[in-house]
Amino acid sequence: MDLGFDVVDLGPADHVGVGEEAPDFVRPLVNEEFWEDVALSALTADGPVALVFHPMDGAFPTTYLWNEIRDRDWRTYETEVVGVSISDPYRHKRLIDERGIDHRLYADPGNGVAEAFGIAHDLDGMAGIEEPRLAVFVLDADRTVTWAWVAREWPEFPDYDAVEAAIEAVEPVPTGTA
Amino acid sequence: MTEAPFTLYRLQACPFCERVVRVLDDLALPYRSRFVEPMHSDRDVVKRVSGSRTVPVLVDERTGVTLTESANVVRYLETTYGEATADAPREATVREPTGAGGSSTAAEPAEGGDR
Numbered sequence: 001m002d003l004g005f006d007v008v009d010l011g012p013a014d015h016v017g018v019g020e021e022a023p024d025f026v027r028p029l030v031n032e033e034f035w036e037d038v039a040l041s042a043l044t045a046d047g048p049v050a051l052v053f054h055p056m057d058g059a060f061p062t063t064y065l066w067n068e069i070r071d072r073d074w075r076t077y078e079t080e081v082v083g084v085s086i087s088d089p090y091r092h093k094r095l096i097d098e099r100g101i102d103h104r105l106y107a108d109p110g111n112g113v114a115e116a117f118g119i120a121h122d123l124d125g126m127a128g129i130e131e132p133r134l135a136v137f138v139l140d141a142d143r144t145v146t147w148a149w150v151a152r153e154w155p156e157f158p159d160y161d162a163v164e165a166a167i168e169a170v171e172p173v174p175t176g177t178a
Numbered sequence: 179m180t181e182a183p184f185t186l187y188r189l190q191a192c193p194f195c196e197r198v199v200r201v202l203d204d205l206a207l208p209y210r211s212r213f214v215e216p217m218h219s220d221r222d223v224v225k226r227v228s229g230s231r232t233v234p235v236l237v238d239e240r241t242g243v244t245l246t247e248s249a250n251v252v253r254y255l256e257t258t259y260g261e262a263t264a265d266a267p268r269e270a271t272v273r274e275p276t277g278a279g280g281s282s283t284a285a286e287p288a289e290g291g292d293r
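Here the protein sequences come in this chain order: A and B.
Mapping the first sequence onto the working numbering, position 86 (from 1) lands on 86, and the numbers just tick up by one.
Just so we're on the same page, the working numbering is the position in the second sequence counted from 1, plus 178.
Because the hints were derived from the structure by calculation, they are not lab data.
These figures come from a predicted structure and were not determined experimentally.
For every residue, glycine included, the Cβ atom is placed at its ideal position computed from N, Cα and C.
Treat the hints with care, since some could be wrong.
[Unchecked claim] Chain B residues, not near chain A, derived (Cβ > 10 Å throughout):
| no. | residue |
| --- | --- |
| 1 | Phe184 |
| 2 | Arg197 |
| 3 | Arg200 |
| 4 | Ala206 |
| 5 | Pro208 |
| 6 | Arg210 |
| 7 | Ser211 |
| 8 | Val214 |
| 9 | Glu215 |
| 10 | Asp222 |
| 11 | Val237 |
| 12 | Gly242 |
| 13 | Ala249 |
| 14 | Val252 |
| 15 | Gly260 |
[Claimed, not checked] Some chain B residues near chain A, calculated using beta-carbon distances under 7 Å:
| no. | residue |
| --- | --- |
| 16 | Tyr209 |
| 17 | Arg212 |
| 18 | Val223 |
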């Protein structure tokens, strides 16, 4: 069947897998008011983290993704849901404002974090720029990957229900119910 | 990150902020940087911390002191942590310039890239 358009097949990525320790990194972490260097390990020290890698702020998959996360109220999880893209802190702040995001976003203009996670996307060879594939890594408080999904097509979106199930599986047990 | 005894609220390319950075570096004092909103009117976090929207703002986590205006900050750092004072931090020298909460920050209104 000829649909008249092409979804690009990116193929499998050689990414950090379930059961492995996620590589630690330090990058500017952006909130609606300021940005400062924060280590991933500093976030996991406070509990589980879901790292959401996405295309540049302004690309439509990024808009779709954060609208969905906002509508699903992922900010209510104990697990901190954190974004990562190559966009700079000022652009991140604009995205936070535009999309009503209640999450912090890592700025990784050099794409080194995506490289470390094995999910870099070369953007069809565009010169001097690359970005992460859309990907989600759920990490427990030891920074061990408990669930991972990496896009194999461009564009491709995660199964949000599956992400929620993965987050709920690492959520700390509420005190008093154990 | 959480270890640094100083938190510096700063603006990119703000000369007043760089003046404070230079003194922190000269005194080998570790600090964490929080880069804030260029638009003065949007700097609510700075206002919550210091009582005004100007930068730099330096928070000394060890003494709990919050300082505004680079001249005040530099004076505080040099008197409290400079070689001349040698011994322990002297908190007494600190409080009067900003009234601890930075309530009187009328001087140097141009500081921090006001527009």
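To see whether the hints hold, each was checked on the structure:
no. : hint   : verdict
1   : Phe184 : holds, 12 Å
2   : Arg197 : holds, 20 Å
3   : Arg200 : holds, 19 Å
4   : Ala206 : holds, 19 Å
5   : Pro208 : holds, 12 Å
6   : Arg210 : violated, 6 Å
7   : Ser211 : violated, 6 Å
8   : Val214 : violated, 5 Å
9   : Glu215 : violated, 7 Å
10  : Asp222 : violated, 7 Å
11  : Val237 : holds, 13 Å
12  : Gly242 : holds, 20 Å
13  : Ala249 : holds, 23 Å
14  : Val252 : holds, 22 Å
15  : Gly260 : holds, 26 Å
16  : Tyr209 : violated, 11 Å
17  : Arg212 : holds, 4 Å
18  : Val223 : holds, 4 Å
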